[in-house]
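K.L.:
In case you want the letters, here they are:
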Amino acid sequence: MKSVKSEVKLFPLGDSALLVQFSQEMDEWAHSQVQALASHLENRSFTGFIEYVPAFTSLTLFYDPYLVYKEHVREPNISPYEWVTTYVQNLLSNLEAEKREEPRMIEIPVCYGGEFGPDLGEVATHNGLTEEEVIQIHTSSTYNVYMIGFVPGFPYMGGMSQRIATPRRSSPRLAIPAGTVGIGGLQTGIYPLDSPGGWRLIGRTPVSLFLPDRFPPSLLAAGDQVRFRAISMEEYVAYQEEKR
Amino acid sequence: MSIQVLKPGLLTTIQDQGRAGYQRFGVVTSGTMDVVAMRVANLLVGNDEYAPVLEMTLVGPKLRFQKDTLLAITGGDLTAKVYGRSLPLNRPVYLKADTVVEWFGCRDGCRAYVAVAGGFAGTEVLGSKSTYLRGSWGGHHGRNLKAGDQITYQNSGRLSNQFKDSLSRRMNDTNTIHRNIELHTDHNANSPAWFAPDWRVGSVITNLYSRRSRVRIISGTHFTDFTIESQRNLVNQSFRITPQSDRMGYRLKGAQLTLSEPLELLSEAVVHGTIQVPPEGNPIILLSDRQTTGGYPRIGQVITVDLPLLAQAKPGEEIMFKLVDHREAERLLIKREDALLELQQGIRMAMAQL
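Protein chains in written order, with my numbering: chain A, 1 to 244; chain B, 1001 to 1354.
Extracted from the complex, chain A is given alone in its bound form:
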């Protein structure tokens, strides 16, 4: 077995999950390792495997210890956790060797400003830019989706330009409509469901980020890349009608 990179740490998360931590800080290597392990698990699942949850620099694997015990454990001194750990270490030792898949690129159309983006002006003023420049900067980056969390379908994305970073509002809004695109500090994100929130709102997408009766329910997944494209109000309305 090839040696696993020394930074990788494996911990139990309760008695039914294993946390694989590639790094304690944000880095691109850890992100790509998380994605590689995720795709390995998709192809090489085992009896007792339940699901995995990728995050910024870690992946958590959920399993059923009783099933693992019944199906795999053949020696009395091996615990289900130890069996799963050995299984994952084997996967990790082959991660580098395998060719990684190209990330999916998802384009998200956004109608910026107006009633959809009431804070676009504030973001511009805060950064000494015009509204058009904010839109131009927001649409020219490629964003990495690190994980989905907080609410169903909400993407934690990295890659926004510092030139449009804007602090959160001091008092959060109580209701932000689904599809609203916002900026909070150095991050940008999209509210998948109507929810409260404190981000600066700059536009809205007609695309549904989360539909519980669709498979998969979330438009985005960890590992995806995202680009935003500015659309007019007419195009926004046309998208909405197409959805019906």
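Everything labelled a hint here was simulated from the structure, so no lab data went into it. Heads up, a few of these hints could be off.
Covered by chain A, per the in silico footprint, the following chain B stretches (three or more residues, Cβ under 8 angstroms) [as the list claims (entries may be wrong)]:
#1 1056–1064
#2 1283–1297
Residues on chain A that point at chain B, a partial pick, calculated with CB under 10 angstroms [to be verified]:
#3 Val8
#4 Pro12
#5 Ser23
#6 Pro118
All values reported here derive from a predicted model rather than from experimental measurement. Positions of the beta carbon are idealized from the N, C-alpha and C atoms, including for glycine.
Take the given structure of chain A and dock chain B to it, following the hints.
P.N.:
Just chain B, lined up with the frame of chain A:
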């Protein structure tokens, strides 16, 4: 039509084992708080152990069962009565059509579970009928029951049907009336409303969801990042479950838990039973409706076999944690699953013998 809701109770929802497989899309698992009580209730009526059940909290509902029903009530004792007389817990019960069952308040524990043969019908979302209140999905229109609701059952299997018929026959058998003390009648003395066989689930099983103040945990990923005093307080002091506790998590109040030095953490997955500590120092135990990820330090993890104890602990109660090692948590879980498998076989035999 199967059940008419006359009074909804405090929080009565349809739940099953929850939505596994979608946490990576941020989908909350939901599912019963006390999974063992759910499984036992289902086994008692011949269902798949993960069939949808009703979860009721502290104050139970008042329900009219409109057709002949085989049901079982497990978990906490919320005082289920038919025409003023108690219905037995942890046993299968045959209920005659049009019988009203009313729950009168919490005697012990916090949550009761009702399974009916066939399981409750409800909207399935992402592989589960569990109600997720914040997302308004699953179960009965994604919400808790309301007065006037009609709840239906799914079709029950052959074993359940035969068992129900045989209980019904025994109830109507006049000879049995005089022999069996478990036979109860409604206000019309000649018309029995329900019948239960004379066996029940043993204490080995019911102890799995009995109320107990000592909750076993294993140390969390950040246990040693807390001060020695905090590590000691976690297991030597008791913590009160505050009123701000719900299916999402229990907020505890007790000794303040503090880190030795500040810790910047990136969000990552959390699990059922994770004990996380926000900066103000009061721990939160994450439960069925928890978010999928979190960024607070994790001082401990409640072991899987003790999660039902939490489900049966109510706001205002004090709990104490006891540290066990990871191996012990696994051993206890394997022992529990063996016991539930044995129970399943025992119940099947008892049902077939009638």
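K.L.:
Quick one: which hint numbers does this structure break? Sort them smallest to largest.
P.N.:
1, 3, 6
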